[in-house]
Amino acid sequence: MTEPSSFLLSVEGLTVSFDGFKAVENLSFYVEENEIRVIIGPNGAGKTTVLDLICGRTRATGGSIRFKGKEITKLREDKIVAEGIGRKFQNPSIYEDLSVFENLEISYPRGHSVFGALAFKRDAAVRDRIDEIAETIFLADHLDQRAEFLSHGQKQWLEIGMLLIQDPQLLMLDEPVAGMSVAERAKTAELLNRIIKDRSVIVIEHDMKFVEDIAHRVTVLHQGKVLSEGSMSHVKSDPRVVEVYLGH
Amino acid sequence: MRSGNIFLKRNEVVFVVILSALLLVVFPMALDSFRLNLVGKYLTYAFVALGLVLCWGNAGILSLGQGIFFGLGGYGMAMFLKLEASSPEHTAIQSTPGIPDFMDWNQITELPAFWLPFHSLTLTIVAILVVPAVFAWIIGVAMFKRRVGGVYFAIITQAIAAILTILIVGQQGYTGGINGITDLRTLKGWDIRTDFAKEVLYFVNVALLLGCLLLAQFVRRSKYGRILVAIRDKEDRVRFSGYDVSNFKIFIFCFASVLAAIGGAMFTLQVGFMSPSFVGIVPSIEMVIYCAVGGRLSLFGAVYGTLFVNYAKTIFSESFPELWLFAMGALFIGVVMAFPNGLAGLWQAYAQPWFDRIGQRGAPRPISPAPISPTAAPAERRT
Ligand SMILES: Nc1ncnc2c1ncn2[C@@H]1O[C@H](COP(=O)(O)OP(=O)(O)O)[C@@H](O)[C@H]1O
Ligand SMILES: [Mg+2]
Chain A
1 MTEPSSFLLS VEGLTVSFDG FKAVENLSFY VEENEIRVII GPNGAGKTTV
51 LDLICGRTRA TGGSIRFKGK EITKLREDKI VAEGIGRKFQ NPSIYEDLSV
101 FENLEISYPR GHSVFGALAF KRDAAVRDRI DEIAETIFLA DHLDQRAEFL
151 SHGQKQWLEI GMLLIQDPQL LMLDEPVAGM SVAERAKTAE LLNRIIKDRS
201 VIVIEHDMKF VEDIAHRVTV LHQGKVLSEG SMSHVKSDPR VVEVYLGH
Chain B
1 MRSGNIFLKR NEVVFVVILS ALLLVVFPMA LDSFRLNLVG KYLTYAFVAL
51 GLVLCWGNAG ILSLGQGIFF GLGGYGMAMF LKLEASSPEH TAIQSTPGIP
101 DFMDWNQITE LPAFWLPFHS LTLTIVAILV VPAVFAWIIG VAMFKRRVGG
151 VYFAIITQAI AAILTILIVG QQGYTGGING ITDLRTLKGW DIRTDFAKEV
201 LYFVNVALLL GCLLLAQFVR RSKYGRILVA IRDKEDRVRF SGYDVSNFKI
251 FIFCFASVLA AIGGAMFTLQ VGFMSPSFVG IVPSIEMVIY CAVGGRLSLF
301 GAVYGTLFVN YAKTIFSESF PELWLFAMGA LFIGVVMAFP NGLAGLWQAY
351 AQPWFDRIGQ RGAPRPISPA PISPTAAPAE RRT
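In the order they appear, the protein sequences are chains A and B. Its first residue numbered 1, the first sequence is counted upward by one per residue in UniProt numbering. Its first residue numbered 1, the second sequence is counted upward by one per residue in UniProt numbering.
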């Protein structure tokens, strides 16, 4: 086994309790560089909570989260982002009152202080980068459109684009294809396969076909604990996984 | 369309010209000195309304305590003018000459230390801008760093406005109490009570207001302004895009408070006194109503809304003073229920399309008909 600090992300003994209810309990897992990790598990297993803990939205009651060897368990959210972690929410979380361009621009990693934002200039570098990202997320023709009027799938892509523009080393996606049409799912899988170069990704997903397409390793969560972990074929043949998750 | 930032959209240049013409030409020509001074007084509240557009309309932070900052600015100016009016020659009959009359009545024999800087006009102007900003910063840090927002923030600002009023009223010897600071006469020897002085101050006030409007417009146009909208929309997303959201909220709250303070200082100059009745809960809520009636998303709307409500108030309170508060409450509820975007919303819905049609008549027709469905409406143009 490799030394834990050589992993990009090390989660060890992570526990969080909401008024005594342990949504995540003594959870440990490790993500390597350039790995695509998929987390699956029944509803309420604590998958979203794990991402909330990593990105600082929820504070752990115990345990540690290390990123590139650095303890980030107690860092403020924007500092965690600055370390190189990007997070997509389960429901598309975009700025409906702004245009697609402006949505991407806000995520552009420059001018993040108050005065930096006041003095921010929309120069060629910004425009080129936004054009490039818009191309990647299939929204090049929608840059001027109000985000409110995008389809559900397009909103999901926009949020992925907002993360890409930050160029995070670890990208966390919470059910990116939920509610998408079959065609949109295929495009999203293609998108994910293109954007995983030079970064690690944690994806929460229910769509097993999609998971098989992209996963390097799969972690199965159940009642806040790891039920099984390994390759897709390993996990699929694990009788405990079949019983609580894949069986129905 | 995607070229660098410009200061104003074409439309807005027209709005600035219209507003300037109204305030700088039409009103001064059409109104007598008394009425013009009244308009000047109304316009001092428009500074507050501008700040509320940014703070409440753009960032979603509702402050029900803007009277605090209007008052701090107003009192700062009043303290300077009062000291000038309390020269030893003017106050020779007092038991302690050279201090403001209300201090003398309250058996105070020496000018309190915090009054001393207000001997200097420069320090006074600095205080008018800095004291409210620091006060707002303290409130902002205490609230926003702890992620207190929404209704709680509104209630707390309201409580602070109430406390400040009680403090001013209670500390009569230092503040002039319930009567406020009255009997102000000259600014650096220049009598501010004459009709001519009032006209000059009116123009100074309008110039400052237009300057603040342009500054506020710059703030909105910047990426900072769009981040405020983003925070109003999805605060968490902004945080997880790597922003310290609290700093953005603190800054806009401080900015709005400085605008309010400038309004307060101009109020004192034009009206000739300052009292706690412009600090507390009722005036603070009235200021929010000016902003709501004008349209909380429109800086221009804020100015017109302030003029409109105050005009209505003057007319109304001349005939039925006791009914005004009810009328204003009804106005507020009516606006919130029926016209959430206020006068500016009405303008955009009815007048603007009409002007656009006129503007297009001369221009060549577009080849394909413009899409009508709302889903095709373009977002605010990138500039
Ligand atoms: N902030 C919270 N407060 C209380 N309970 C929570 C909170 N967040 C999540 N939970 C609970 O934790 C459990 C796991 O939730 P979640 O992580 O959303 O599950 P999943 O994403 O796997 O469907 C659920 O029972 C949920 O009700
Ligand atoms: Mg979930």
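Do not rely on the hints blindly, as some may be mistaken.
Here's a subset of chain B near chain A, in silico, CB distances under 7 Å, partners left out [claimed, not checked]:
1. V229
2. S241
3. Y243
Pairs of lysine-lysine residues, derived as DSSO-like cross-links and limited to a Cα-Cα distance of at most 27 Å, are as follows [claimed, not checked]:
4. K225/A <-> K209/A
5. K225/A <-> K236/A
6. K74/A <-> K234/B
7. K79/A <-> K234/B
8. K70/A <-> K197/A
9. K145/B <-> K70/A
10. K79/A <-> K209/A
11. K225/A <-> K74/A
12. K79/A <-> K121/A
13. K121/A <-> K313/B
14. K121/A <-> K9/B
15. K187/A <-> K236/A
16. K197/A <-> K187/A
17. K74/A <-> K9/B
18. K209/A <-> K197/A
19. K121/A <-> K70/A
20. K41/B <-> K234/B
21. K198/B <-> K313/B
22. K70/A <-> K22/A
23. K313/B <-> K79/A
24. K68/A <-> K225/A
Not close to chain B: a few residues of chain A, all C-beta gaps over 12 Å, as computed [to be verified]:
25. D19
26. K70
27. F89
28. V182
I should point out that these hints are in silico values taken from the structure, not numbers from a laboratory. Backbone N, C-alpha and C define an ideal beta-carbon position, used for all residues, glycine too.
Outcome of the hint check:
no.: 1; hint: V229; in the structure: holds, 5 Å
no.: 2; hint: S241; in the structure: holds, 5 Å
no.: 3; hint: Y243; in the structure: holds, 6 Å
no.: 4; hint: K225/A <-> K209/A; in the structure: holds, 24 Å
no.: 5; hint: K225/A <-> K236/A; in the structure: holds, 17 Å
no.: 6; hint: K74/A <-> K234/B; in the structure: holds, 23 Å
no.: 7; hint: K79/A <-> K234/B; in the structure: holds, 18 Å
no.: 8; hint: K70/A <-> K197/A; in the structure: holds, 23 Å
no.: 9; hint: K145/B <-> K70/A; in the structure: holds, 25 Å
no.: 10; hint: K79/A <-> K209/A; in the structure: violated, 35 Å
no.: 11; hint: K225/A <-> K74/A; in the structure: holds, 22 Å
no.: 12; hint: K79/A <-> K121/A; in the structure: holds, 23 Å
no.: 13; hint: K121/A <-> K313/B; in the structure: violated, 44 Å
no.: 14; hint: K121/A <-> K9/B; in the structure: holds, 17 Å
no.: 15; hint: K187/A <-> K236/A; in the structure: holds, 25 Å
no.: 16; hint: K197/A <-> K187/A; in the structure: holds, 17 Å
no.: 17; hint: K74/A <-> K9/B; in the structure: violated, 44 Å
no.: 18; hint: K209/A <-> K197/A; in the structure: holds, 21 Å
no.: 19; hint: K121/A <-> K70/A; in the structure: violated, 33 Å
no.: 20; hint: K41/B <-> K234/B; in the structure: violated, 38 Å
no.: 21; hint: K198/B <-> K313/B; in the structure: holds, 22 Å
no.: 22; hint: K70/A <-> K22/A; in the structure: holds, 25 Å
no.: 23; hint: K313/B <-> K79/A; in the structure: violated, 50 Å
no.: 24; hint: K68/A <-> K225/A; in the structure: holds, 24 Å
no.: 25; hint: D19; in the structure: holds, 20 Å
no.: 26; hint: K70; in the structure: holds, 16 Å
no.: 27; hint: F89; in the structure: violated, 7 Å
no.: 28; hint: V182; in the structure: holds, 23 Å
Checked against the numbered hints given earlier, the structure breaks hints 10, 13, 17, 19, 20, 23, 27 and satisfies all the rest.
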